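4 protein chains.
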Amino acid sequence: MIEKVFRDPIHHDIKVEHPIILELINAKEFQRLRRIKQLGTTSLTFHTAEHSRFGHSLGVYEITRRICNYFKRNYDVAEFGEDGWDDSERLITLCAALLHDVGHGPYSHTFESIFKTNHEQLTVDIITSSDTEINKILRQVSDDFPEKVASVIAKTYPNKQVVQLISSQIDADRMDYLLRDAYFTGTEYGTFDLTRILRVIRPHKSGIVFKVSGMHAVEDYIVSRYQMYMQIYFHPVSRGMEMVLDRLLQRAQDLYQDNKHYFVKASPLLVPFLSHEFNLEDYLALDDGVLTTAFHLWSQSDDAILNDLSKRFLNRVPFKSATFSKKTFILLPELQELVEKVGFDERYYTAINSSFDLPYDFYKPEKLQNKTQIELIYPDGQLIELASASELVRAIAGESKGDQRFYFPNEMLASNSLDNYTLFEDSINLFSNSIKNGEIIKKDV
Amino acid sequence: MIEKVFRDPIHHDIKVEHPIILELINAKEFQRLRRIKQLGTTSLTFHTAEHSRFGHSLGVYEITRRICNYFKRNYDVAEFGEDGWDDSERLITLCAALLHDVGHGPYSHTFESIFKTNHEQLTVDIITSSDTEINKILRQVSDDFPEKVASVIAKTYPNKQVVQLISSQIDADRMDYLLRDAYFTGTEYGTFDLTRILRVIRPHKSGIVFKVSGMHAVEDYIVSRYQMYMQIYFHPVSRGMEMVLDRLLQRAQDLYQDNKHYFVKASPLLVPFLSHEFNLEDYLALDDGVLTTAFHLWSQSDDAILNDLSKRFLNRVPFKSATFSKKTFILLPELQELVEKVGFDERYYTAINSSFDLPYDFYKPEKLQNKTQIELIYPDGQLIELASASELVRAIAGESKGDQRFYFPNEMLASNSLDNYTLFEDSINLFSNSIKNGEIIKKDV
Amino acid sequence: MIEKVFRDPIHHDIKVEHPIILELINAKEFQRLRRIKQLGTTSLTFHTAEHSRFGHSLGVYEITRRICNYFKRNYDVAEFGEDGWDDSERLITLCAALLHDVGHGPYSHTFESIFKTNHEQLTVDIITSSDTEINKILRQVSDDFPEKVASVIAKTYPNKQVVQLISSQIDADRMDYLLRDAYFTGTEYGTFDLTRILRVIRPHKSGIVFKVSGMHAVEDYIVSRYQMYMQIYFHPVSRGMEMVLDRLLQRAQDLYQDNKHYFVKASPLLVPFLSHEFNLEDYLALDDGVLTTAFHLWSQSDDAILNDLSKRFLNRVPFKSATFSKKTFILLPELQELVEKVGFDERYYTAINSSFDLPYDFYKPEKLQNKTQIELIYPDGQLIELASASELVRAIAGESKGDQRFYFPNEMLASNSLDNYTLFEDSINLFSNSIKNGEIIKKDV
Amino acid sequence: MIEKVFRDPIHHDIKVEHPIILELINAKEFQRLRRIKQLGTTSLTFHTAEHSRFGHSLGVYEITRRICNYFKRNYDVAEFGEDGWDDSERLITLCAALLHDVGHGPYSHTFESIFKTNHEQLTVDIITSSDTEINKILRQVSDDFPEKVASVIAKTYPNKQVVQLISSQIDADRMDYLLRDAYFTGTEYGTFDLTRILRVIRPHKSGIVFKVSGMHAVEDYIVSRYQMYMQIYFHPVSRGMEMVLDRLLQRAQDLYQDNKHYFVKASPLLVPFLSHEFNLEDYLALDDGVLTTAFHLWSQSDDAILNDLSKRFLNRVPFKSATFSKKTFILLPELQELVEKVGFDERYYTAINSSFDLPYDFYKPEKLQNKTQIELIYPDGQLIELASASELVRAIAGESKGDQRFYFPNEMLASNSLDNYTLFEDSINLFSNSIKNGEIIKKDV
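In the order they appear, the protein sequences are chains X, D, L and F.
Using UniProt numbering, you'd call the opening residue of the first sequence number 1 and step up by one each time.
Using UniProt numbering, you'd call the opening residue of the second sequence number 1 and step up by one each time.
Using UniProt numbering, you'd call the opening residue of the third sequence number 1 and step up by one each time.
Using UniProt numbering, you'd call the opening residue of the fourth sequence number 1 and step up by one each time.
All copies of an identical chain are treated as equivalent in the list; a pair is satisfied when it fits inside any one copy or across any two copies.
List of simulated lysine-lysine pairs, DSBU-like, C-alpha gap at most 35 Å:
1. LYS364 - LYS326
2. LYS265 - LYS116
3. LYS320 - LYS28
4. LYS442 - LYS4
5. LYS4 - LYS37
6. LYS205 - LYS160
7. LYS260 - LYS311
8. LYS37 - LYS136
Bear in mind the hints are in silico, worked out from the structure with no lab data behind them.
Owing to the predicted nature of the structure, the values given are computational and were not obtained by experimental measurement.
Produce the complete structure using the sequences and hints provided.
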């Protein structure tokens with residue numbers, strides 16, 4: 001086929017060389033990713049982070065393609081098992097790279113927690129269900145090709161190199177999203193030396209390894225990822241908007257049984273989820289716009305809570321927050337009570353959000369399920385695990401990083417924004433005094 | 001107030017120093033700009049150009065703020081009229097910069113042409129209508145402040161410096177969108193030396209001028225803008241999607257009278273526009289997602305055309321095109337007929353799109369309405385018009401650049417995609433032979 | 001061989017895949033390029049433009065390598081003559097690319113004009129002289145390989161594709177230096193879309209052509225080059241330092257015959273050039289540092305002019321300038337006389353510098369020697385010359401752009417810097433009044 | 001004065017607003033920094049790292065200027081001692097920033113170790129000696145101004161804010177060189193979020209502190225600095241060239257007493273240093289070119305070692321290396337002996353290089369001299385030391401990082417490059433077998 005190029009600010013050119021890849025990109029299930037923002041509510045904190053899962057999926061494909069080319073040029077072998085790369089795995093690897101996120105829906109994390117959808121399972125379904133365009137395209141290769149592609153994403157494919165390129169602690173997915181999210185948020189944190197990593201990556205009979213001479217580039221990638229989580233992905237304000245969304249969807253869910261007619265009228269595309277009777281086609285009709293359009297209509301609803309939370313989401317009025325610890329956890333009921341006293345239903349106007357990520361993990365004999373650790377390889381073939389070689393990585397390895405926060409309406413702090421402030425003065429003062437430097441504290445008695 | 005910063009990849013920090021500005025940004029009418037893509041269907045050609053009008057509006061504000069600072073530091077005078085800058089104009093200038101696009105709706109160009117809305121008028125309405133949050137905020141400054149801000153945008157404000165900063169052939173609006181659109185499309189064309197331009201810009205009693213030593217920076221800006229139009233904004237494929245959208249909305253409009261009930265159910269938020277009875281509140285409930293959500297529902301409609309065009313838009317199946325000239329214009333009816341013969345209703349499956357822009361214009365005595373030309377200033381105060389000083393600018397000045405294209409379904413070329421191809425073989429061959437190197441040509445008889 | 005990589009900010013990785021290339025880079029004649037600044041006195045205006053010819057030479061090699069790869073992947077043919085690329089030309093092309101500037105010396109332009117050296121001839125000599133390391137390395141390929149490489153640089157090699165890749169109006173040399181000089185000066189002017197150009201370049205039986213779909217990228221390259229000349233390469237202050245250097249070397253030359261002993265002692269490495277009896281080895285011992293070291297010693301000389309001009313160069317005290325035209329050319333003797341009156345020997349303290357470049361040229365039947373014009377190719381194989389397709393290019397084609405300036409000591413303007421100013425007040429006033437807005441003007445009588 | 005701008009790729013515009021600063025930049029002692037590379041032999045590993053100390057000095061000035069502006073805008077107080085910034089300190093701070101490196105000479109580290117010069121003392125001398133242009137310019141402010149500026153650099157100035165801006169663990173010097181060296185080497189490691197740091201920096205009565213909300217930006221800066229040391233500044237190949245230089249200068253020093261006449265002729269500008277009788281003027285005549293010019297002449301010397309090492313330096317033939325530990329240190333004499341056996345004088349052909357840096361240090365009661373630790377400040381004024389707040393910083397704090405290497409001629413490994421290889425086969429094999437994976441190892445007996 002004639003090489004087709006997608007211009008991309010991260011990778012300059014994304015090159016499509018195989019007709020199957022081009023058809024997959026044009027499939028309606030894939031085009032739908034254009035309507036789903038990569039970072040959900042993060043764009044409400046970093047206003048330029050409005051990029052979609054479409055570009056990210058292309059980027060993962062492109063990084064994978066470059067690695068395949070590099071492997072082919074330098075480590076070509078006839079068959080996996082030797083210390084090299086079997087290039088007959090290329091097409092399956094590229095398809096898995098491109099499709100690894102195809103099951104994502106709008107504001108995935110929140111949507112899934114309320115409606116019990118599962119984007120990983122849905123990715124597999126979209127690939128293997130005979131009703132999708134994607135499945136039809138993949139079946140042109142062979143009847144069992146869709147299942148094979150799905151098995152790469154499900155990590156059950158026998159060739160560990162292929163699996164690890166798509167999902168491991170240093171895979172094409174993570175490499176693309178760090179660079180892409182850094183570009184679109186306008187931060188420096190996510191930048192690392194992709195060029196150098198693509199020069200020290202190696203196929204190995206045990207999977208994917210990295211030349212020890214590239215240790216600092218891998219280290220830099222781990223540190224960048226850690227910083228992106230701490231600075232961008234876990235930003236308290238984005239989570240404040242996520243909590244508004246979460247409570248809003250919960251309110252709709254709670255109202256549904258007694259107001260079916262209303263929801264059929266105001267948000268027909270969401271009914272299959274409110275009723276927990278959705279099929280793949282229903283799911284594929286979802287996108288960010290479908291949710292916000294529902295919120296437009298809900299914001300005219302008679303239910304004060306549905307109405308108000310919809311407006312808070314559309315007009316970006318995030319919940320505020322304070323961190324809490326194991327010690328101060330017991331104070332939350334008291335704070336919820338104060339929120340209630342001021343007139344907010346605490347079930348919909350308070351929330352707890354725990355955001356933790358494990359920056360890097362290594363093998364621990366006591367754990368049943370271990371992540372594949374990152375291995376570096378010496379010139380003489382000896383392997384060394386990354387955290388053993390890097391003090392920086394060791395410092396953040398093995399333990400989840402993040403915080404847990406209690407969320408509440410901004411009115412609890414910005415007291416004067418309440419019309420009838422004097423009525424609630426005492427409660428608001430008590431509440432405000434429970435927070436210092438952003439943390440919930442024990443009040444002195 | 002405590003300085004607030006918006007992180008931005010184009011300007012690094014966007015600094016908010018005045019509480020009115022912060023309140024305006026938080027107003028719901030302004031937050032709505034987050035849900036309207038800056039470049040509409042261009043993101044369907046340049047997949048990362050998914051940025052919204054929100055970021056652009058902040059950017060225009062920031063460039064204006066920097067110019068005000070520079071003017072204040074270097075050309076401070078007590079009152080406009082002298083050759084300097086009267087800094088009491090700052091707040092009105094900043095408000096106008098921030099709000100200049102607040103009346104934009106989803107896919108403005110197409111939407112306006114079908115539904116006869118007018119984003120410029122709507123911008124003025126949002127600012128001056130007493131019902132909006134924005135109006136309330138502006139009125140805190142003074143009762144006539146909203147009208148004053150609106151008059152800057154309408155170019156009737158007496159201080160020409162203020163007006164020209166916001167809208168002229170080299171204004172903060174254009175400077176921001178060139179850099180921003182270049183960043184998000186991932187091209188180099190739109191880049192020019194903003195830093196240098198912000199160093200040679202000068203307030204003058206006649207408006208805004210530029211030091212002659214910065215001529216090449218201004219020239220580069222004009223050339224960049226020209227290239228962005230030719231390469232990005234007028235891209236034939238984006239216009240192919242715009243034509244799909246245009247025909248789709250037209251179909252809905254044509255169906256509406258006889259199918260009111262259907263549209264009330266499937267797309268309630270669009271009914272005020274289909275019925276041409278919208279008010280400001282209706283308009284402010286629109287965004288990109290409202291349109292695509294309507295298309296989701298329309299794509300299940302019984303009307304074959306509404307159904308099919310909705311799918312073409314959602315699944316990105318652009319109309320194809322060929323350029324035509326004054327000479328070949330007369331061939332179009334013939335081609336439309338062939339489209340009809342193959343089974344497509346030519347009213348909804350063909351379209352003509354003319355895209356032209358005037359890269360730069362200078363004063364012409366014979367014209368009634370002239371654009372304000374760009375003036376350069378010598379050390380001794382003498383002015384020289386830009387195109388007189390720059391051969392490059394002269395080459396593209398005074399004449400609109402662009403092309404006109406005839407759009408039609410891709411099936412007319414990619415013949416094998418039609419199920420019943422053989423039936424239409426002759427028509428398709430005739431059609432294909434009318435196009436050579438992308439142009440409609442006269443066939444040899 | 002094991003692939004070796006040079007990290008480069010312009011091209012990220014410069015990849016060396018052939019041992020001959022690696023040996024050439026390590027040759028002492030090539031390493032010497034590290035000690036010769038790419039832009040000479042331009043670094044005295046743009047303080048970060050201190051990069052050497054070494055990096056540029058690697059960059060030209062890398063662009064050429066990428067083009068070879070692209071040609072090989074897409075247009076591989078067995079033999080030149082067909083419309084494709086014969087990859088057996090690769091090594092010779094890469095060697096010519098790498099070595100095309102190897103004969104450059106310190107501050108080439110000025111040095112050559114005083115000492116009658118010729119870097120193009122010296123490039124050929126270094127490649128073909130049996131005494132150089134470079135020659136020995138090339139001869140490993142075949143006995144006639146050095147001559148072949150030299151013939152590419154001399155443009156007499158039969159394969160026009162090879163010749164045009166290395167030197168034509170859009171060659172790897174120009175493409176690298178524009179990007180590189182833009183990066184190191186910190187300007188935007190030189191940036192153009194290299195990625196896109198490398199995607200539309202094509203081998204053709206007539207040489208190198210570009211797909212018509214890439215017209216705007218080629219146009220942008222031409223415009224960028226024009227702007228770099230106008231803004232960077234022809235900057236009046238850099239030329240003011242070049243004129244100081246020129247007059248300084250001229251003074252040394254003029255003094256040499258009567259002061260041989262002095263120069264042997266103070267600047268032994270320059271004696272072969274002062275005496276016009278240099279050989280290749282003498283030339284290869286030159287670099288920027290050799291010149292400035294001579295100036296350190298000359299700045300202690302008893303000759304007031306040699307001493308003073310040396311200090312002006314080392315301490316960056318450029319001559320000032322004013323432009324003149326055909327009309328005002330006749331005023332120069334008068335100005336020179338005023339310079340002389342103030343006490344400066346006009347032979348060494350005034351200079352004329354004409355800097356002109358032809359941004360782009362096309363075939364003109366009346367000219368004997370024509371540049372190879374840039375051709376664009378349509379899908380059907382038809383060719384169109386660039387300026388016919390692009391208005392922007394047409395605007396700056398066919399005519400040299402630049403200016404001519406009269407240079408003189410800054411003391412002629414900044415009068416108070418002269419100790420005994422009052423003595424010369426009249427002359428200085430007369431001089432100053434002859435210049436307005438940077439131009440020499442006719443004084444009113 | 002009229003604002004003057006230096007275009008700079010790191011800071012875009014470097015703005016000079018005070019005539020004293022402009023005069024200092026034009027002083028000959030400052031202009032001389034253009035002829036001294038910022039990173040010495042590093043440019044022989046990273047070929048584009050050819051930038052000079054001139055640009056860096058301007059950059060330190062610019063960062064300091066921006067901090068002063070930010071402090072003035074936000075934390076203006078009448079007098080130091082309060083928690084704010086006393087802007088009457090601006091000029092002294094800017095002068096110290098600009099001049100902090102003015103005493104640097106060519107290849108400082110190596111030159112100083114051989115010739116016992118001291119760039120810090122020389123910086124103070126240049127500022128305070130009445131013979132320099134810089135001193136004359138500073139004295140225009142007041143008679144004691146030069147001493148005051150020098151005292152800032154010597155860290156004895158009473159205002160700790162001023163001192164810490166210029167030299168501390170997070171000062172304008174380090175911030176500029178990390179960004180600048182990253183830019184010119186073309187790596188990502190040195191990049192950190194300067195914009196954000198300049199937004200969270202605060203004057204405090206104890207010196208300079210950072211808002212706790214900016215912790216991750218400061219952390220990122222520390223990590224970036226660590227990575228630049230590990231990846232760029234301590235690169236083994238650059239140090240291999242530094243060792244060649246070191247041994248070469250040592251050889252010249254050792255030969256000098258018995259060959260004074262030769263050195264007066266071949267390298268007159270170095271004689272004051274070879275004889276250890278230099279004055280300030282001698283020092284100011286030094287630059288990179290003076291050294292390499294001496295090497296050109298020495299490379300024709302009769303002394304085989306001086307001759308050979310000069311060529312190795314000019315033609316970039318670095319010594320090779322292997323790391324050693326406390327344990328393997330005792331093996332070095334044996335290896336030196338093998339080098340000697342192969343025919344190289346081990347005094348000039350082997351070297352030990354220890355390169356260590358302390359990435360970050362905090363107060364330790366047991367140490368007499370402590371670095372000023374970095375303090376973060378909470379909203380309520382409480383301070384917290386950086387390493388207590390950041391796990392990443394803690395991981396690399398308090399302990400020097402780096403390695404020690406044994407350097408030797410490449411001929412000891414690349415055996416075939418020796419003409420008479422077979423004679424030395426045994427020694428070379430023994431030598432090679434003592435090194436594994438880049439480390440010196442104990443051989444099995």
